[in-house]
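Each chain is listed here by its residues.
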Amino acid sequence: MADVAAISTTGLTKHYPGVAALTDLTLTVPAGSIFGFLGPNGAGKSTTIKLLAGLTRPTSGSASVAGIPVTAGADYRREVGYLAQEPRFYDWMTGRETLEFVASLYPAGRRSDPGAITDILGRVGLGDAAKRKAGTYSGGMRQRLGIAQALVGRPSVLLLDEPVSSLDPLGRHEVLELMEDLRGETTIFYSTHILDDVQRVSDQVAILDQGKLVRAEPTEQLLNSFTKDQLRVVISGATDGTEAELAALEHVESVVPAEQGGDLRGYVLRIQPNTARAVQSAVTHFAADRGLTVTENQQITLGLEDVFMRLVNTKEQAA
Amino acid sequence: MTATSVPASAPLERRGRAFATLAGVRPLFRKDVGEWRHGVRLWVVLAVTSAFMGLAAANSAINHWVVANLPEAAGQNTKMSLVPFDNLLVGASSQIFVIAAIFASMSLLVTERERGTLSWVASKPVSRTGIWLSKFASATGILWIVAGIVPMVVTAVVVAALYGAPSISAVILITVGACAAIALFVAVVLAASTLAPSQPAVAAIAFAVFFLPSILGAILPDAVQPLFPTSILTWAAGLAAGLDVGVVTPISWLVAIVALAAFSANRMGQLEL
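Which chain is which? The protein sequence lines are L and B, in order. Residue 1 is where the first sequence starts when you use the working numbering, and the numbers rise one by one after that. Residue 320 is where the second sequence starts when you use the working numbering, and the numbers rise one by one after that.
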């Protein structure tokens, strides 16, 4: 499992007449990861997931899951559990019957037995509602049933299209907990435009905008790439000359004054890669030597939302 | 070695392809039958078709009774036949079972597309041809019972009660003709459902096929009529009446069913869900 990428796409493209929904997506999703697929509405997230679920044919390019190409039909779909953006099931079936029906669609070796179905229902928190008609389920319950049915065939990859976007905070929390709970058992590839959720559960992230991939890398790495080379320093008793003195410190590339209030002056120091500790130490010594007090001296932490906005804005400006 | 291994593996490959084409048909068929059983559609079709065909068969007897018993109608001459076979045909010739079959099946695929359950099922390891075939088999089987066999039995009982017992072979042949017509129109509706985006559009295509032979019949010579697969009920009635009807119509019917299934399988594969 570690050798073969869970999902691999090469030049995956889907164009409808007059609409380039997805263009040249080349992506590798590591096995066992929770991969957040991020983008504004209309970015091509659902198109990508439908292509990966085998529901839509690519205009060009290729995709595979666990090394099996999407063109392999039923063999491919055995490896994939899919949850639509607004999942709908047969209202006349109970939750349990829905899972039993899904299980019956898999070959004997991959089929969940009644005991496994009971386990899955319990795991998604529908054990007590298993005998209720799916048509009576709330949005959150339908979403959890959706994840349950996607798990029935023990797929290599779960494809979840906006699994939490239509849920209230409680429902969102439940579904994210469930995804967290599945970490390591299967690969989860999910789309969303809720950045907090991605930051919370995803260990990998890809950003898509206007059908094109902007960036794809581990979440921490992406955040660090925007934040690790900047320090925020606040000094009490600083003067107008402090900015230039800070800029003269070793490994400091530039200094931008931030805010000023009373005796306090703030600065953002752009520093050379991997020198944060050295510069922090130099700032401390610099202040001590001059009888100044450092009230803040730390790396700047950006949220995914800031990073996302920067990336999308940069792309728009470039365009 | 190579020469012998090719023919040995070929049947296995063919079997593999057949399994792939039919992947999921059995559970999907059970689900589709379950869906019919959980709705009221089945009972509406049964009641409407049986009542309509029974009344159509009783029409002649009612007409004779009215002429004989109501003073206002006294003296009027009725030419309606009291022969059992004729009235059995009257019951079937309205083709209400075809109309019921069109209405009952026109939502089967379209609604699943609109609701999103079709894309859900299609994301599982089943073939899209299997999805279509299970819908065709379940709808045809159920409509054979509720729009074909039961209403024909009701009609035969009405005919037996009012005009005398009809020939069993005639009842069977006309029922077979009705069931064949039902199967044909379910195939037409489900094929249209792979093309048209809405139920009204599907119904429009199906009714165009239903009425087309009547329109063409007025233009083309009578000899062409047996070529139409939609003439299958007329063919069965002719057979029941002891006429020499040939085999062109059932062959045409079979070709139409196979062609519709092949067309639908191709279209299902192209659908963007």
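Just to be clear, a hint being listed does not mean it is correct.
As the list claims (entries may be wrong) - One side of the interface only, derived from the structure: several residues of chain L facing chain B at Cβ under 10 Å:
| hint | residue |
| --- | --- |
| 1 | 50 |
| 2 | 53 |
| 3 | 54 |
| 4 | 57 |
| 5 | 60 |
| 6 | 61 |
| 7 | 69 |
| 8 | 80 |
| 9 | 91 |
| 10 | 97 |
| 11 | 150 |
| 12 | 200 |
| 13 | 214 |
Derived by calculation from the structure, the hints in this document are not laboratory data. Keep in mind it's a predicted model, so treat the numbers as computed, not measured. All residues carry an ideal CB built from backbone N, CA and C; glycine is no exception.
Hints versus structure:
1. A hinted interface residue such as residue 50(L) counts as satisfied when its beta carbon comes closer than 10 Å to some beta carbon of chain B; here the least separation is about 7 Å, so the hint holds.
2. Checking residue 53(L) against chain B: minimum C-beta separation of about 5 Å stays under 10 Å; hint holds.
3. At its closest, the beta carbon of residue 54(L) sits 7 Å from a beta carbon of chain B; the interface hint therefore holds under the 10 Å criterion.
4. A cut of 10 Å between beta carbons decides the hint on residue 57(L): the least distance to chain B is about 7 Å, and the hint holds.
5. Interface restraint check: residue 60(L) against chain B, minimum CB-CB distance 16 Å, threshold 10 Å, status violated.
6. Because the smallest distance between the Cβ of residue 61(L) and any Cβ of chain B comes to about 16 Å, over 10 Å, the interface hint for this residue is violated.
7. Nearest Cβ of chain B to the Cβ of residue 69(L): about 15 Å, over the 10 Å cut. The hint is violated.
8. Interface restraint check for residue 80(L): the shortest CB-CB distance to chain B comes to about 7 Å, inside 10 Å, so the restraint holds.
9. About 9 Å separates the beta-carbon of residue 91(L) from the nearest beta-carbon of chain B, less than 10 Å, and the hint is met.
10. For the restraint placing residue 97(L) at the interface with chain B, the shortest Cβ-Cβ distance is roughly 9 Å, inside the 10 Å limit, so the hint holds.
11. Checking residue 150(L) against chain B by beta carbon gives a least distance of about 9 Å; that is within 10 Å, so the hint holds.
12. Checking residue 200(L) against chain B by beta carbon gives a least distance of about 27 Å; that is not within 10 Å, so the hint is violated.
13. For residue 214(L), the shortest C-beta to C-beta distance to chain B is roughly 26 Å, which exceeds 10 Å, and the interface hint is violated.
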